[in-house]
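Q: Protein chains in written order, with my numbering: chain A, 1 to 66; chain B, 1001 to 1372; chain C, 2001 to 2258.
The hints are all genuine.
Quick list of the computed label-pair ranges, beta carbon to beta carbon:
hint: 1; chain 1: C; residue 1: 2133; chain 2: B; residue 2: 1108; range: 49 to 59 Å
hint: 2; chain 1: C; residue 1: 2076; chain 2: B; residue 2: 1112; range: 54 to 64 Å
hint: 3; chain 1: C; residue 1: 2144; chain 2: B; residue 2: 1107; range: 36 to 46 Å
hint: 4; chain 1: B; residue 1: 1112; chain 2: C; residue 2: 2002; range: 54 to 64 Å
hint: 5; chain 1: C; residue 1: 2235; chain 2: B; residue 2: 1193; range: 31 to 41 Å
hint: 6; chain 1: C; residue 1: 2258; chain 2: B; residue 2: 1014; range: 25 to 35 Å
hint: 7; chain 1: C; residue 1: 2234; chain 2: B; residue 2: 1278; range: 31 to 41 Å
hint: 8; chain 1: A; residue 1: 37; chain 2: B; residue 2: 1202; range: 52 to 62 Å
hint: 9; chain 1: C; residue 1: 2002; chain 2: B; residue 2: 1199; range: 33 to 43 Å
hint: 10; chain 1: C; residue 1: 2108; chain 2: A; residue 2: 39; range: 27 to 37 Å
hint: 11; chain 1: C; residue 1: 2093; chain 2: A; residue 2: 38; range: 17 to 27 Å
hint: 12; chain 1: B; residue 1: 1151; chain 2: C; residue 2: 2144; range: 29 to 39 Å
hint: 13; chain 1: C; residue 1: 2159; chain 2: B; residue 2: 1189; range: 51 to 61 Å
hint: 14; chain 1: C; residue 1: 2076; chain 2: B; residue 2: 1199; range: 45 to 55 Å
Straight-line distance between alpha carbons at most 25 Å, and here's what the computed DSS-like set of lysine-lysine pairs gives:
hint: 15; chain 1: C; residue 1: 2140; chain 2: B; residue 2: 1249
hint: 16; chain 1: A; residue 1: 43; chain 2: C; residue 2: 2123
hint: 17; chain 1: B; residue 1: 1072; chain 2: B; residue 2: 1278
hint: 18; chain 1: C; residue 1: 2002; chain 2: B; residue 2: 1249
hint: 19; chain 1: B; residue 1: 1220; chain 2: B; residue 2: 1248
hint: 20; chain 1: C; residue 1: 2116; chain 2: B; residue 2: 1248
hint: 21; chain 1: B; residue 1: 1199; chain 2: B; residue 2: 1104
Treat the hints as calculated values from the structure; they're not laboratory data.
None of the values given here were measured: they were computed from a predicted structure.
Each residue gets a CB set at the ideal place from its N, CA and C atoms; glycine is no exception.
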Amino acid sequence: MRVICNGSEQDLADGATVQNLIEQLELEPRGLAVAVNDALVPKTRWSLAVLFAGDRVTVIRAAQGG
Amino acid sequence: MSTFQNVLDVMDWDQISQAIASKTIHDVDRALGRRSQLDVDDFMALVSPAATTRLEAMASLSRELTMRRFGKTAQLYIPIYLSNECTNQCVYCGFSAENEIARKTLTANEMIQEAELVRSWGFEHVLLVTGEDARQVDVDYLVSAVELLRPIFAQISLEVQPLSVADYQRLLVAGATAVYVYQETYHQSVYKNYHKKGKKAIFDWRLETPDRLGEAGMRKIGLGCLIGLEDWRTDSVFLATHLRYLEKKYWRTRFSVAFPRLRPHTGEFEPKNPQSEKELAQLIWAYRIFDPDLELSLSTRESADFRDSILGLGITHLSAASRTDPGGYTTTDHSLEQFSINDDRSANEVAQAIRAKGYEPVWKDWDAVLES
Amino acid sequence: MKPLIIAGHSFNSRLFLGSGKFSSPQAMLDAMNASETEMITVALRRVDLQGKSDPMLEALKNFKGQLLPNTSGVRDAKEAVFAAQMAREALGTRWLKLEIHPDPRWLLPDPIETLKACEILAKEGFIILPYIQADPVLCKRLEEAGAAAVMPLGAPIGSNQGLQTRAMLEIIIAQSRVPVVVDAGIGAPSHACEAMEMGADAVLVNTAIAVAGSPAIMGRCFRDAVSAGRDAYESGLPARHAQSAEASSPLTAFLDKL
Chain A
1 MRVICNGSEQ DLADGATVQN LIEQLELEPR GLAVAVNDAL VPKTRWSLAV LFAGDRVTVI
61 RAAQGG
Chain B
1001 MSTFQNVLDV MDWDQISQAI ASKTIHDVDR ALGRRSQLDV DDFMALVSPA ATTRLEAMAS
1061 LSRELTMRRF GKTAQLYIPI YLSNECTNQC VYCGFSAENE IARKTLTANE MIQEAELVRS
1121 WGFEHVLLVT GEDARQVDVD YLVSAVELLR PIFAQISLEV QPLSVADYQR LLVAGATAVY
1181 VYQETYHQSV YKNYHKKGKK AIFDWRLETP DRLGEAGMRK IGLGCLIGLE DWRTDSVFLA
1241 THLRYLEKKY WRTRFSVAFP RLRPHTGEFE PKNPQSEKEL AQLIWAYRIF DPDLELSLST
1301 RESADFRDSI LGLGITHLSA ASRTDPGGYT TTDHSLEQFS INDDRSANEV AQAIRAKGYE
1361 PVWKDWDAVL ES
Chain C
2001 MKPLIIAGHS FNSRLFLGSG KFSSPQAMLD AMNASETEMI TVALRRVDLQ GKSDPMLEAL
2061 KNFKGQLLPN TSGVRDAKEA VFAAQMAREA LGTRWLKLEI HPDPRWLLPD PIETLKACEI
2121 LAKEGFIILP YIQADPVLCK RLEEAGAAAV MPLGAPIGSN QGLQTRAMLE IIIAQSRVPV
2181 VVDAGIGAPS HACEAMEMGA DAVLVNTAIA VAGSPAIMGR CFRDAVSAGR DAYESGLPAR
2241 HAQSAEASSP LTAFLDKL
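Please build the complete structure, drawing on both the sequences and the hints.
A: In structure tokens:
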């Protein structure tokens, strides 16, 4: 199954969760916020949030800026 | 709802009195030279004894600020007393419940007669005044009075018993645009000595009235202390604090301050803390400098000379030709009056005096043409 | 200097620092330390999936003050609400600099969308500091909508033009019931000092410090300017013109004749 994460395509096993995606991308989870199809998925629910083919996943973190 | 009571709770009368007394000429000069809006601390300096050597500078700045904001105009209004019935016992007031005077509440017909007479003198802004007796003068009575007089005047203001938010909204809908409610004194611990019985004896209910007016969306709220009860300097600092609080919270509303002064030896209540005319002038200038947009109103309690002289130096609103008894314009017997007046000139005479100073008498505050 | 209180939180510094435009993380750290700021704004960015973490944010790990995430990049209230939720999740803070500028050229804030977003976000418990035009009525409306402070601009962002909106800022400061933080346009310590002398509660500075020859020195200069201006305001500035001796009393003579 394929999802779009921050604009680029990612291959995932069927039934994969947000948690699986973050692990697969080797991202440090601290300081991240994740939204699926423009809806926030709180960190506490990452392992419950199953992704589906075509889902748009946004992963953000704070960065420098005024 | 948080109200001014929350602010008052942390204010201490004696501390503030001392702070005023300790102000120096440098504090006064700093207040006079402030580039930004003055704060209450500056106001304390301006009403302090130290400022009495800066009266000319205060008058000059006050004149300049008044001119800039209000131009060369003086707004005229006249009170119509609708009723002198009252359940309060206030030691200084002619309407006090224990006074054995004839009591009267105007009928609709009598109201119209009074209204048409004062309208014929030129007045378009009228202040409806009552005592506080909700059995005789309830909100229904007041609403009908406003509705009845609405076609005759451009503007109707009220000085009546404190009401609820809902009642004020009814009056607003009926066409009232301003309500004046004077705290008399902010000295909470002695308030009861002056207001012994009736609803006016409840300090908080009265204190929170401007909050209820602001909540209701009243266009103008009038504040005042009865000068002569407690130390006028301290009371005015409380009032200035109240004013600043209200201005920031109810920023859509206009504010006005009046200076009802108990004059000594007039056969009325003998004031414990009388204020001289010089001190009254200082107080007027302090308010103007503290708040350049504030409407400052002076009644016929003051003499013609004082009123004519202070015009343009800070005062923007004057009552004229006033009677303080219900039906006072259409009768010649004035035994029902609340207090005796000190400027008994006719409306025309007052207007002429204003013109003689190069000012324009304005008979109405605003035009209601755009209001529903 | 009295502490600055926003939403019940107390700050000893009245200088907010923007974290953008620094040449290196070290330069930002140096400016942060020298300025003694207790409030630093950060933006939200999509994570670079190639794995590089933002070294700037690493640098902020040891910052003891309050991080203030902003919503820059959003164009309307709906996007701002979403960005705010993401910011709260990412940084674990309810603090938010609400900024909505649909205009990419001048980055001028949209007042209508900002008010809309503020109304929604206040109900969700955010501590909102909206970046807005120096519009006194808008400031009162935002205050009523639940803003914890207002951040009117002094001049277009990044323009270093100083307090071009001075007359409006004076009104805002005079009537605000929440702290007023002058944001944008402050290009020199003298501008910051001027804002504080006027009675502003704080200033936010970014470009002027970030692009200085030495951000550390400039950070210190702003620290000093802000505290000097605030102290001057609190201690009461002297009169504009000396009171001249009163030889005559044309306006008060009537008082002696009464």
